[in-house]
Amino acid sequence: MIAELGHFALILAFVLALVQGSLPLAGAHRHAVGRDDGGWIAFAGPAALGQFVFIALAFVALTALFVGADFSVMVVAANANSQLPLIYKISAVWGHHEGSMVLWVLILALFGLCVAVFGSNLPATFRARALGVQGLISAGFLFFMLLTSNPFARLVPAPADGRDLNPLLQDPGLAFHPPFLYVGYVGFSMAFSFAIAALMEGRVDAAWARWVRPWTLAAWCALTLGIAMGSWWAYYELGWGGFWFWDPVENASLIPWLVGTALLHSAIVVEKRNALKSWTVLLAILAFSFSLIGTFLVRSGVLTSVHAFATDPARGVFILVLLVAVIGGSLVLYALRAPALTGGGLFAPVSREGTLLLNNLLMTAAAATVLLGTLYPLLLDAVGGPKVSVGPPFFNATFLPLMAPMVAVMAVGPFLSWKRGDLAGAFSRLYAVLGLAALVALAVWYFYRGGPVLALVALAAAAWLLFATLAEFADRLGLFCAPWRDSLERARRLPRAAYGMTLAHAGLALVIAGATGASLWREEHIQSSLPGDAVTVGGYEVILEGVRQVEGPNYLADQAQFTVRREGREVTLLEPEKRIYAVSAMPTTEAAIRTTGWGDLYVVLGDASEDDSGAWTTRMFFTPLVVWMWIGSLLMVAGGLLSLSDRRLRVGAPRRRKAKRTSDLEKETA
Amino acid sequence: MKWKFLLPAAIFAAVAVAFAVGLTLDSQRLPSALIDQPVPQFELPPIAAIDDGDPYGGGFSSRNLGGGVALVNVFASWCVPCRVEHPQLMSLARDHGVSIFGINQKDKPEDARAWLERHGDPYRAIGADNDGRVSIDWGVYGVPETFVVDAEGRIRYRHVGPIMERDLTGTLLSMTAELGP
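For the record, the sequence lines run as chains A and B.
Take 985 as the starting number for the first sequence in my numbering and just add one per residue.
Take 51 as the starting number for the second sequence in my numbering and just add one per residue.
These are calculated hints, taken from the structure and not from any lab test.
Check before you lean on any hint, since a few could be wrong.
What the hints assert, rightly or not - In the BS3-like style, the derived pairs of lysine-lysine whose C-alpha atoms are separated by at most 27 Å in a straight line are:
| # | chain 1 | residue 1 | chain 2 | residue 2 |
| --- | --- | --- | --- | --- |
| 1 | A | Lys-1403 | A | Lys-1256 |
| 2 | B | Lys-54 | A | Lys-1403 |
| 3 | B | Lys-54 | A | Lys-1256 |
Claimed, not checked - Non-contacting residues of chain B with respect to chain A, defined by C-beta distances greater than 12 Å in every case (computed):
| # | residue |
| --- | --- |
| 4 | Gln-138 |
| 5 | His-169 |
| 6 | Trp-188 |
Even glycine gets a Cβ: it sits at the ideal position worked out from N, Cα and C.
Using the sequences plus the hints, can you model the full thing?
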C-alpha cells in the first residue's frame, strides 16, 4: 500500500513538473511579445510547491518501506536486511540507483521550492522562466524514473529476508556523502536555469550575477563537503591510506567542482564590473552539464569503475537522450543568444579581473584535462582502438602543472585593484610572503633531504598562498600600520564575503599541504607479523599484541591489538578490524588510525597466514600532514557558508540594497 | 553568429556521439593476447577419485584439441554464474553437437562430481586444474570463461562471464558453424 502511494505520488509530481515546465515559459513568452500572459506565469510557484510535496511524499514512503523492512519491494529486498542497523536502513534509501534518483529529484524540487519562496525579488517573467526550466529538467528525470527505474516495483514472491546493503556503504562517511554530493550537483541546476532564463530574456547584468551567486555558492559548499567526505571515506575505509584515486566517479565530482569554482569567481566579475558575461553564462551551463554527465557516467555502465554500485547499460540510452536534450539544447541556445550579450567593463590584463579570468581559464583547462583523461579510454574504444586505462600518472602530469600557476596567481589576485592593477605595488607587499615561502622550502629541504622535489615546490606554493592570503587580510584591516582600535573597527565593517574568501583560500593552502605530505612523503610497511613483533613506522614503534574475534550487529570480525610506543613510552592502543558481513559474505577492512597534526599512523590488519603459523599480514602507513587536508576542506566550506551569509546576497537586488543601506545609516546616526 | 559561440555545442556533439558508440560496446568484451595463438601446452588429470572409486573421465590435455572446432569452458561448482550458463552449455552439446571441454578450476572432487550429476555433464572431457596454474596459462581472469578453439588448435574467441541465451544465438553458434565441424 505504501509502495503504491509512493508510486502514485511520483506520477503526480511528474504531471506537475510538466505543468511547471510548460505554462510559465509560454506565459513569459507571451508577456515578452506584449500579449496578456493569461495568468500562466502564476502557475510556476504553486507547481513547484506541489511537485516538492509529492516527491517528498514518495521519499518518505520509500524510507518507511526501508525502515519497515518490506522485502516485497524489490529495492528493499536487494539493498537491506532485517539485521541492518536502523541508521543504515535509512541511508540504504539512497544507497542504490533507484533510491538515489528519488533523492536527486527531491533535492531538485527543494531548490525549485526555494526559488518560489525566496525569489520574490526576481522579476516575475525571469522567475517564471527559471522555474520553467527547472520544471523541464525535473520532468525529464521523473519520466526516466517512472519508465526505467521505478523504486516502488514489487517483487513476487517476496523473499523472507533481504540481500543486505553493500558492506562498503555501511559506514557513516559514505552513508551521508551522497546527499551532499547531490545537493552540489543539483544545486548547479539553479545557476543553469538562471543562465537559460537570462539567455531567453537576452539580458545578463549585475543583478543577474547577484541572483546566481548564492545558489552557486550553496551548491559549491555542499559539493566541496561531499567530495571531502568521499575522499576521507576512501582514506580510512579502503585500507590503503590513499585519499584520491582518479577514479571515474571521483573525477565526475571533481569536474563540476572545478567549473563551479570558476563560475563562482567569474560571477563576481559580472557583478562588480559588468564584464565576462557570456563566459559566465557558459560556465553556468557547463557546471550543471558536467554534473549531469557525472550522473550519466556512474549509472549507464559506459565506464567501469570500482565505485559504481549502481550501473545498468539499459538505462544508458535514456540518460543519453536526456543529456542531449538538456546540454545540447542549452548550448545551441547559447550559440544563438550569447553573441548579443555585450560586455560592459573593459580591463587591463594586470587587474583583478585579469587574474580572475586567468584562473578561470586554468581551472576550466584542468576540468577539461580531467574530463579527457576520464573519457579517453571510452573515446579510444569507440573508434575501435585498444582497451586502455588512464591512471594517476596522466592526471598527476597534467593536472598539477595547471594547478601550480593557478595557486601562484591566486595569491596575487586579491592584491590587485579592479580594472587596472599595479603589479609592482602588489609585489612590494608580497616580499615578506615570498621570503616566508622560501623559508618554508628551505626548512622542508633541510628536514626531508632526499625527498621528492615536487614536495618542496608544492609546500612552498601552499605556504605562498597561505601567507599571501593572511597578508591580504592583514592589509585590509590595516594591521601593524593603523592603531589596533582602527583595525578592530575595520574588522567589524569588513563584509562577510571578504572573511569567506580569506578562509576558503587559506583552506585550499592547507589542502595542498596535506595532500602533498600524504601522497609524497607517505611511509609504507607491509609485513607478516607474529604476536610480539614490532615495526617502526614514522617514529612510532608498533607492536602486535594479539588478534581476537569480535561480533558486530551484522558481521564477525578479527580484531588486532597493537600497542603503539614513541620513544619507549606507550602512547595508545590501536585496534584495526577485518570484518566479514554475514549476509553478503563480503570482507571489509577497518583501519585504526592515530591522528596528530604531523601525520597519521594508520594500521591495517590483513589476512591470517594459511600455514597455521599464527602470523598475520599487517600494513602500516605513516601519512604526514593528512589531517590538514580535512581541516582545509572544512575551512573552504566554512568560507563558502560565511560568504553565503553576506548581507549583499541576502538582500539581493541592488534597488533594495540601497533602500536597506539608507535605513542602516539612519539607525547608526540615531 | 560568431563561430566561437558554436564551439561548446560542437564539442558536446562529438562527446555525445562517443557516448552513444560507447553504450553499444560490450563492457565485458576483454580482448585476449592469446587470440589467434595456438592453445598453451598443458596436461590436466581427471577429477580425482573419491573413496577408492574411479576417477571422473580420463583428464584433459592440449592433445585433445586441434581435431575439430571446440569450446573450452572454465568452470567450478562454487561459481554461481556457472550455474546460469550451464543450460546453454547443455544445449550446445546436446542440440548443436558442439564439443566442449571443461577445465574444473580449484574445486573439491566430491563437489564437482555432485554438481555434474545434478546439472548434467556437457563435457567431452574434463581436466581438474586444482592449483589454477593452467587457467593462468590460458589468461583466465575469473570463472566462468569460455574459449573457441578452431580445428588447427588456435584460440579464436574468448568469452568472459556466463554464456547467456543471446551469446549462444549471437556469437558462439555462428562462430562454431563458420569455423567448420
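Tested hints:
A distance of roughly 10 Å separates the Cα atoms of A/Lys-1403 and A/Lys-1256; the hinted pair therefore holds under the 27 Å criterion. With a CA separation close to 25 Å, the supplied pair B/Lys-54 and A/Lys-1403 stays within the 27 Å bound. Distance check on the hinted pair: B/Lys-54 and A/Lys-1256 sit about 25 Å apart at the alpha-carbon level, within 27 Å; holds. Distance to chain A confirms B/Gln-138 as a non-interface residue, since its nearest Cβ pair spans about 21 Å, more than 12 Å.
B/His-169, annotated as away from the interface, keeps every beta carbon of chain A farther than 12 Å; the closest lies near 23 Å. The Cβ of B/Trp-188 sits about 19 Å from the closest Cβ of chain A, beyond the 12 Å cut-off, so the non-interface label holds.
Violated hints: none; the structure is consistent with every hint.
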